[in-house]
Each structure stands twice: as structure tokens, then as C-alpha cells.
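**Student:** Below are the chains, spelled out letter by letter.
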Amino acid sequence: MLTSRNAEAAGRMATTWQHQREARDARLEAGTRLARGKIVEARDATRLMEAVIRPGDRVCLEGDNQKQADLLSRALLAVDLAKVKDLHMVQSGVVLPEHLDLFDRGVAKKLDYAYSGPQSSRIAQMLFGGKIELGAIHTYLELFARYFIDLTPQVALIAAVSADREGNLYTGPNTEDTPTVVEATAFKDGIVIAQVNEVVDKVPRVDIPADRVHFIVEADKPFFVEPLFTRDPAAITEGQILTAMLAIKGIYAPYSVRRLNHGIGFSTAAIELLLPTYAEKLGLKGKIASHFALNPHPALIPAIESGWVQQIHSFGSEVGMDDYIRARSDIYFTGPDGSLRSNRAFCQTAGLYACDMFIGSTLQIDLQGNSSTVTASRIAGFGGAPNMGADARGRRHPSEPWLQAGREADPDGSALLRRGRKLVVQIGETFGEKNVPLFVEKLDALALAEKLKLELAPVMIYGDDVTHIVTEEGVANLLMCRDANEREQAIRGVAGYTDVGRNRDRKMVQQLRERGVIRRPEDLGIDPLDADRSMLAARSIKDLVRWSGGLYAPPSQFRNW
Amino acid sequence: MEDLSFHHQARTRAGGTRQMAIIGVVASGNLEVLAERVLPETECLLEIKTAAEGFGEVWDAVVADFVERYSPGGLKFSINDGGARPDTVSLRLAQAVRLMAEDEQ
Amino acid sequence: MSIAELEKPSVEQARATSFYEASARARVRLLLDPGSFVEFIGPEKREVSPHLKLFDLPEQFDDGIIVGHGRLAGSPVFIAAQEGRFMGGAFGEVHGAKLVGLLRAAKELKSIPVLILFDTGGVRLQEANAGELAIAEIMRAVIEARTAGVKVIGLIGGRSGCYGGGGLIAGCCSALAVSEQGRIAVSGPEVIETNRGVEEFDSRDRALVWRTMGGKHRRLIGGADLFADDTVQAFREAALELLETTAGFGIDTLNAEQSRLEDRLQRFGACRDAVDIWVAEGVPDAGSVPALPADQFIELADKVRRIARDAR
Numbered sequence: 007m008l009t010s011r012n013a014e015a016a017g018r019m020a021t022t023w024q025h026q027r028e029a030r031d032a033r034l035e036a037g038t039r040l041a042r043g044k045i046v047e048a049r050d051a052t053r054l055m056e057a058v059i060r061p062g063d064r065v066c067l068e069g070d071n072q073k074q075a076d077l078l079s080r081a082l083l084a085v086d087l088a089k090v091k092d093l094h095m096v097q098s099g100v101v102l103p104e105h106l107d108l109f110d111r112g113v114a115k116k117l118d119y120a121y122s123g124p125q126s127s128r129i130a131q132m133l134f135g136g137k138i139e140l141g142a143i144h145t146y147l148e149l150f151a152r153y154f155i156d157l158t159p160q161v162a163l164i165a166a167v168s169a170d171r172e173g174n175l176y177t178g179p180n181t182e183d184t185p186t187v188v189e190a191t192a193f194k195d196g197i198v199i200a201q202v203n204e205v206v207d208k209v210p211r212v213d214i215p216a217d218r219v220h221f222i223v224e225a226d227k228p229f230f231v232e233p234l235f236t237r238d239p240a241a242i243t244e245g246q247i248l249t250a251m252l253a254i255k256g257i258y259a260p261y262s263v264r265r266l267n268h269g270i271g272f273s274t275a276a277i278e279l280l281l282p283t284y285a286e287k288l289g290l291k292g293k294i295a296s297h298f299a300l301n302p303h304p305a306l307i308p309a310i311e312s313g314w315v316q317q318i319h320s321f322g323s324e325v326g327m328d329d330y331i332r333a334r335s336d337i338y339f340t341g342p343d344g345s346l347r348s349n350r351a352f353c354q355t356a357g358l359y360a361c362d363m364f365i366g367s368t369l370q371i372d373l374q375g376n377s378s379t380v381t382a383s384r385i386a387g388f389g390g391a392p393n394m395g396a397d398a399r400g401r402r403h404p405s406e407p408w409l410q411a412g413r414e415a416d417p418d419g420s421a422l423l424r425r426g427r428k429l430v431v432q433i434g435e436t437f438g439e440k441n442v443p444l445f446v447e448k449l450d451a452l453a454l455a456e457k458l459k460l461e462l463a464p465v466m467i468y469g470d471d472v473t474h475i476v477t478e479e480g481v482a483n484l485l486m487c488r489d490a491n492e493r494e495q496a497i498r499g500v501a502g503y504t505d506v507g508r509n510r511d512r513k514m515v516q517q518l519r520e521r522g523v524i525r526r527p528e529d530l531g532i533d534p535l536d537a538d539r540s541m542l543a544a545r546s547i548k549d550l551v552r553w554s555g556g557l558y559a560p561p562s563q564f565r566n567w
Numbered sequence: 004m005e006d007l008s009f010h011h012q013a014r015t016r017a018g019g020t021r022q023m024a025i026i027g028v029v030a031s032g033n034l035e036v037l038a039e040r041v042l043p044e045t046e047c048l049l050e051i052k053t054a055a056e057g058f059g060e061v062w063d064a065v066v067a068d069f070v071e072r073y074s075p076g077g078l079k080f081s082i083n084d085g086g087a088r089p090d091t092v093s094l095r096l097a098q099a100v101r102l103m104a105e106d107e108q
Numbered sequence: 003m004s005i006a007e008l009e010k011p012s013v014e015q016a017r018a019t020s021f022y023e024a025s026a027r028a029r030v031r032l033l034l035d036p037g038s039f040v041e042f043i044g045p046e047k048r049e050v051s052p053h054l055k056l057f058d059l060p061e062q063f064d065d066g067i068i069v070g071h072g073r074l075a076g077s078p079v080f081i082a083a084q085e086g087r088f089m090g091g092a093f094g095e096v097h098g099a100k101l102v103g104l105l106r107a108a109k110e111l112k113s114i115p116v117l118i119l120f121d122t123g124g125v126r127l128q129e130a131n132a133g134e135l136a137i138a139e140i141m142r143a144v145i146e147a148r149t150a151g152v153k154v155i156g157l158i159g160g161r162s163g164c165y166g167g168g169g170l171i172a173g174c175c176s177a178l179a180v181s182e183q184g185r186i187a188v189s190g191p192e193v194i195e196t197n198r199g200v201e202e203f204d205s206r207d208r209a210l211v212w213r214t215m216g217g218k219h220r221r222l223i224g225g226a227d228l229f230a231d232d233t234v235q236a237f238r239e240a241a242l243e244l245l246e247t248t249a250g251f252g253i254d255t256l257n258a259e260q261s262r263l264e265d266r267l268q269r270f271g272a273c274r275d276a277v278d279i280w281v282a283e284g285v286p287d288a289g290s291v292p293a294l295p296a297d298q299f300i301e302l303a304d305k306v307r308r309i310a311r312d313a314r
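Residue numbers (my numbering), protein chains in the order written: chain Z, 7 to 567; chain P, 4 to 108; chain S, 3 to 314.
Since the hints were made in silico from the structure, they are not lab data. Some clues are possibly wrong.
[Claimed, not checked] Below, in silico cross-link-like pairs of lysine-lysine (BS3-like), each with a Cα-Cα straight-line distance of 25 Å or less:
no. : chain 1 : residue 1 : chain 2 : residue 2
1   : S       : K47       : P       : K79
2   : P       : K52       : S       : K112
3   : Z       : K194      : P       : K79
4   : S       : K47       : Z       : K440
5   : P       : K52       : S       : K47
6   : P       : K79       : S       : K55
[To be verified] Derived Cβ-Cβ restraints for the label pairs, each shown as a range:
no. : chain 1 : residue 1 : chain 2 : residue 2 : range
7   : Z       : A421      : P       : E56       : 54 to 60 Å
8   : Z       : Q131      : S       : V40       : 55 to 61 Å
9   : S       : P286      : Z       : D207      : 35 to 41 Å
10  : Z       : E439      : S       : E301      : 42 to 48 Å
11  : P       : S8        : Z       : G292      : 50 to 56 Å
12  : P       : S8        : Z       : E139      : 28 to 34 Å
13  : P       : E44       : S       : K47       : 23 to 29 Å
14  : Z       : D533      : P       : S8        : 28 to 34 Å
All figures in this text were calculated on a predicted structure; none of them were measured in a lab. We treat Cβ as the ideally placed atom computed from N, Cα and C, and that holds for glycine.
In isolation and in its complexed conformation, chain Z is listed as follows (with noise of 0.2 Å):
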């Protein structure tokens, strides 16, 4: 143990264990002189990323899922190459065309990324060509994990709504991953540089504290953000009702799922706007999907204001739901301002142990159950899907839904020492767009890994995730599967009229049918006949707008009135 004396003499020698603090010191000093307080002019930002960024650096060029900071990336792409180059950038959202510019450019030369969805060929495209050095595609709570151990950034860009004259922050209701990037960067002697749509004398409320932030740059148009949830009910076709209606029947109502996360595609759109009528019908309302970590999906808003819902948590907002949200504080997190919070980083935690299920769909799904988004020539990146459609292995919590899983798969086990399943179901039609089958032989994602030489092909969820596969086929229950070829059957027998499908073994999905392992749409009671879009609790946006008592404001492209 060192006395007192020894240890002031361990300090005087250990000067030198400050260098990440001098060296941000320096930088911080460097970008003062172009600001007034901590305020730096909009024509200044390009200067400013020369004085305080270096070759090298880790950025975190704030790119969410929904909120860019899009002033900040248009000047960083413009820096002087001489000043700045081969960054290494980590960012959970690769979704502007500048975001690649700066790779084109040889701004950038390193990425780690989560979610690349607008930019899904073009990404492929660098990739292949060598343009991108790539660290790895992360899921989102696995890239925010990074950025405390071993992907800290030097420097983060980040986007707010306003901010005061101190650099205190109100980051709207797309707050996202903002706190997550600032906590990882400010306190291990980063800068933080946040670009804001005004500066005011108070902010609304404080949602990133001012002793974390260096510099504001006030932009001359409000951020960029992308109505990514909106899913107009007048495209909902009959096929996405009657998986929605298998879905409801087969899996929410046998399972009691109350606590859970949606996907954004078509079908549980579809499963959204059949709580009020479909599944009340079949009296399930208050025994089913009453908490959700969700977007503020604008199809959710029939069941909230039927009374379905009790509380949903969010990872980021959308355009459009500020006002319904801010009126019906019972149901979303809102600040002390009334408008919405949301988190990412928690929301991603609580869909991973709080939840019971997960339902989405995909674009590809193999024999072992395996799914991906990744297409030759798309790589759309990970996002949260992988967190939300995985059994967390640390879950100690029981639930009957839970607990009933865990039943269905290891029958015979211990009680006490059985773990739980979560729900991880795969919803989908078994041709998408353009005909293109859901099931495969064999993923797009593998022959992408071999091409692009990675240790790891980026499976969207893992087969032995999956627990159910819905499709208009009918519903796989892959938790009373008991071995591969079991597995494989049960997935062909859903697959309809694919060639996966249509090289089934008929007697032995004969056999499954027989134990439930598949059940067909009449096993269920449901005639696909009684499909009809009349179903929807809204047909359209305008019956949304209507729900919502004038609350809900759809952006223009979602418009005809």
C-alpha cells in the first residue's frame, strides 16, 4: 500500500498520463479562436473540423437512424485533405450520399457502421470496388458498446434542435443515439461538435448537459430527418391481412404476448391496424400487445386510442407524431416540455430483455432458418433487428409467454433450471416484390461474405433464434422442432410455391401438420376468403389523421387530400 508521501511522488512522475487530455486541450484551443463562446458560424464549420480534427481520428459523424447531421458531414467533406484525411469513422447510420462522398474523397478511409439502408447498393458497391476499408457491420447496441471499449471517438458530430449560449442541448424528440455518442466521446477527452436549428436564450429542456459539448454551429435549415415508420394502410394488400390475421391467432393469442417490439414492414403494419377489430373480436384485448418498445408507428394509433396500449417505449421519433405524442403522455416517454424522448441505446436494451417478442420481416430465409437482408448487390446493414430477434442469454426474469416457450422446446427438462424462449418470429409472404422468393437454398449473404473475404456472412437473425416463421401458408412453430431435418421440413412447409416449398416432403409436413408443428390457415379457423381489406382499422392515411382527432400530422409524400 503507498503512504500519502509515496503516493504525491507516484503523481509528480505521471505526468505523462494525460496526454489524451493535452492533446483535446489543444484541439479545444485550436477551434476556440473561430468561435465566440462556444458558437461557430455555419460558414466557419469547415475550418473548425480542420483546426480540431486530425489524420486519423476516430469521428462519430452523428448519422441515426432518422436524424442527420447533415450541416456537419457537408462540411466535413469539404476540409482541406491536407489537414484531414484517412478518418476512421463510426457511425450507427451510413444514410446520406455525403456520408460515402467522404470515402470518395479519401476523407474518411475506415468504417464500422450499423445500418446502411438508403445507401444499401452504393455501400456494396465502395465495398466491392475497395473504396471502404471495413471494420464490421454491428447491430446497434453492439456498436455503442464499442465506443466505450475499443472504437472511442477523438471527435463527434452530433444534431440537436437548439441549444442556449452555454451548449446546453434540447435534442427534440429525436433524441436517438445522441446521448450514447456524447457520453462515449466527452468523457474520454473528446470534442463534441453539435450542429443545432436555432440558439436560443432557454432550451426547452436539457437533454445533453453543456460541460459535454465544445462547439455549436447553428445551421441554416433544420436537420434532415426521414419519416422511416410511416406505413400507408391503403398499400396493405389481402396477403399482408391474412398473415396478420395467422399471426394474431396463431402466436399472439396462444403465447398472451403483452410485452413486445414490431418490425416496420407491411404485415405487422397489418397486425397494427387489425388490434381494434380482428383481434378484439376474438376478445383479446388487454391479454395481448399492450407494451411495446416501438417507433411512434402512426398505424399503432386506432389500438392506442381503442385503448389497447398501456406504454411504449422509443428509440427515435417520427415526422408527423409530435402533437399525438405530446397529447397522450400516458402511453409515450415525454420530457418536462411535453415532447418526446427517446433513446436508442435503452430502447435497443429494453427490446432485448423486456420483451417477449419480436416479429418482422425480412428479405431472405434459408433452410436452417437463417435470415438476411443483404442481396448481391445491397448490403442495408444490421440495424436493431439482430437485438430485438435474439434470446438474450442473460435474461433471469420469467414471463408466461417466456416460460411457455421454453416449455414447447425442451419438454422434458427441470422446471427450475429450464431457461425461457423468446419469441423471434419471422412474418412474410413467401414471394416478395417482383416475384422473388422469400426461402432460399442458400443465403445471398454467404456468397457476399466470400466475395468481400469476411470472417463472418452478415446473418440478419440466426436460425437457431427463430422460434415461429408466418407466412400465407400458415404458421411453423420451429420451437417443437426436435431435430435439423425436422427444422428444414417445417420451413418448407411454408414456403408455398417457392422451389424451397415445392420440394417439401409431403408426408412428413403432413406429420408436422398433425402436431401442430405447422398450422395451416383452417387448423386456425381462418378462410383466406375473409381477407379483406374492410378488416383495417384505418385504410388510409387520412383515417389515421382521423384517429388521431387531427393530432397526427402526415408528412406531404403521404398525402391525398
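Let chain Z serve as the given structure and place chains P and S on it in line with the hints.
**Tutor:** Chains P and S only, in chain Z's frame:
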């Protein structure tokens, strides 16, 4: 465009008395089915004009399952297809049979 | 709703069925008195377009239009309905000829009115010459039928709106009813944007498209005579009201129509946006018009603009 034709024996006569029914619209991913009661009671014919070429095997399977399940004896189905998926085809065929099973208005 | 129920028309069902979503056949069945519709040249006749196969395109057995006769509240009517999902409801040779034939039959009989359920993007590109000719023939046939004393009522509330030649034919009708979703114009949003630039008209700004061409604006500016909620029953009631209230047709009507249009141009020609027109028309809180529910809008429209009984 590709023309396909399937001729099947049916176990029983299709129900109802209607002579003709039409359902669906020719649009992308959709199709129209015209059903007519013009054949001997144990026969069934489907004539298809489809915009999606090269799906003959899938049509063969869809039609075989449909005939097995609904036994539409005596009916001729004329189909104009805008590239519908098999599940939509099955649904429209079933809707056509249901319409034919109703009484003439 | 099952197919079985779909087949048994009733007022309740007509009330529950969106005109916008319904197929042309469902619209006809639910608009007319139950079981009264009789089709001319039905799908079993297979009178398909002679042109589409040259372009390797699929045909539809009725070529996208249903024509026939039936009863409306007991009285006989002729009816034509375009299917807006087949080739955007566009006019081709056969499609057009079916409507011309119906109008000429009405002209001969003099006493039976015609309902046209428009749902069209205009002329079919693949049979453009035949389609353009059809438009001209239909316009002539409408005017000749009206001259013979036949009321020709247009009902507009489908997915494809009423564009191109459809907009011209609608302009020749005795009276029009339109719903909020219905759009009436000649050039479509994309055409305007392509020819005049995105600054002139941003076709992706759907709120702009609707407030410029949509049913509410057409009603407020006098282009349509009645506004209907988006149900088949509301269109049925609108058709009945228009058949009741629409006056005869002669040179006086045409003169009145001409002066109505001149007056419109004079009063609103300088307006930059539909909202400016509504303000000039004295609509209180004009900006809120697009969000108004149908019943409140009808009340407002009836105050602002009465049916111009002398014109059209």
C-alpha cells in the same frame, strides 16, 4: 407474354348455378379470372395469359393444388395475369369458385 | 367483408365501401339498385384491345370499362365505369368505343340519363391515335346526347382521378360530383413538372397536387357541382341529387358557362395558389380547408358556392 393451358379431371361438379363470374383486375401483381360453366361436369380447364414468363412450373403446382382442393368440375377459367404472385393467384381462383357457387342474381 | 357479402348489395354495404378503393364492378353494383345492372359487351365476349398484344402487354376482358344499364331509385339509367387500376383507366380504341356506343344509345332513347364513373389518366400511350379519336368521339357524343335532352352525370373519386382526355370529357358533362380523393385536370402533375419545371409545380408535393386538382378545390372553384364523401352510397346520393337538379341544355347554357369561366379567369387569374383563390372566395380560415372533414366541407362549400344551375 406467355400462354399456358392446364386441363384437369375433377372429382365433382363445381357447386352453384351461376354461368359466369369475373373477379380481379389486370394490374401489376394482380390478375383477373373469368369463370364460365361450359365444360362437362368432370372436366376443368385453365387458360392463362401471363406477363411474367418462365413460371410454368409454379402455375402447374398452383393449379394442381387448386383443382385438388376445390374440385371445380365443369368450369373453364380464363386468366389475364399481370404478374401476380402464387398466393394472389390461389386467392383469386378460390374467389371465382365461391362466386360461381352462389345463386344467379 | 367476404365475397358473399360483396355480392349482396345493400345501403349499409354501399355506406361502408370506399368509392376510392372499390373496383369498377363493385362501384357499379353498389351504386345501382340491387341486382338491376345488366352489362353490354361483358367480359365473356372478350372484346379486348387489338393493340396491346403488339406491345406484349396483358389485356383485360372488358378493356378497362364496364358499360350497361340498370336502375337508380327505380328509374332506368345508363352507366359506364372505368377501372382505374387497369392501365391507369386509360382510353383505348375498344374502351372508347364502348362509351361512345352507350352515349349514342342514350341519345336515341332521349329520356334515360347516363352516369359516367371516371377513373382515368387519359389516353393509352400504346394506342394513342385511336385513343385521341375516341376522346373526340366521346365529347361529341356527350354533347349530342345532352342536346337530345339526356343528362350526363360524371362521378369522380377513383385512384387515377380524371386526367387528360377524361378531364375534357368531364368538362362536357351536364354536372359532376367529386370526392376529396378525386382529381380533375387535363395535364397531370408529372406532365406539368416535366414541361414547366419543378419550380412551377412539384409533382411530389402531394398536398400541392390535391389543393390544385383535388375534389375540394374543384368544388370550391365551381368545376364540380357536388362534393361527395368517399363512399359508394354518397356518390349514389350525389347522382340522384344531380339528376334531380340539373337543368336542360341549350345555347343559353353554353353562354352561361362561357361567362362563368371568363369570370373565373378574371377573378382568380392572378392567384399563385389555390389557397389564394379560397381566400378571394371568402373562405374563412382557408388554410384549414384540406383538413376539413367531408360534412363540414360540404356545409362550407354550400355557403361559398351554390350550384350554378344556369351554366355548363
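**Student:** Hints first: check each against the structure and report whether it holds.
**Tutor:** Here's how the hints hold up against the structure:
1. With a C-alpha separation of about 14 Å, the suggested pair K47 (chain S) and K79 (chain P) falls inside the 25 Å cut-off, and the hint holds.
2. Of the pairs offered as hints, the one joining K52 (chain P) and K112 (chain S) is violated, with about 41 Å between alpha carbons and a cut-off of 25 Å exceeded.
3. Restraint check for K194 (chain Z) and K79 (chain P): the C-alpha separation of about 75 Å exceeds 25 Å, so the hint is violated.
4. Straight-line distance between C-alpha atoms of K47 (chain S) and K440 (chain Z) comes to about 31 Å, which puts the hinted pair past the 25 Å bound.
5. For the hint pairing K52 (chain P) with K47 (chain S), the CA-to-CA distance comes to about 17 Å; that is within 25 Å, so the pair holds.
6. Between K79 (chain P) and K55 (chain S), the direct Cα distance comes to roughly 22 Å. Compliance with the 25 Å bound is thereby established for this hinted pair.
7. A beta carbon spacing of about 57 Å between A421 (chain Z) and E56 (chain P) agrees with the range 54 to 60 Å that was offered as a hint.
8. Here the CB-CB span from Q131 (chain Z) to V40 (chain S) is close to 59 Å, well matched to the stated 55 to 61 Å.
9. P286 (chain S) and D207 (chain Z) have their C-beta atoms about 36 Å apart, which keeps the hinted 35 to 41 Å range intact.
10. The beta-carbon spacing between E439 (chain Z) and E301 (chain S), approximately 43 Å, falls within the hinted interval of 42 to 48 Å.
11. At roughly 54 Å, the beta-carbon separation of S8 (chain P) and G292 (chain Z) lies within the given 50 to 56 Å, and the hint holds.
12. For S8 (chain P) paired with E139 (chain Z), a C-beta distance near 57 Å fails the hint of 28 to 34 Å.
13. Separation of E44 (chain P) from K47 (chain S) is about 25 Å and conforms to the stated range, judged on CB atoms against 23 to 29 Å.
14. For D533 (chain Z) paired with S8 (chain P), a C-beta distance near 29 Å keeps the hint of 28 to 34 Å intact.
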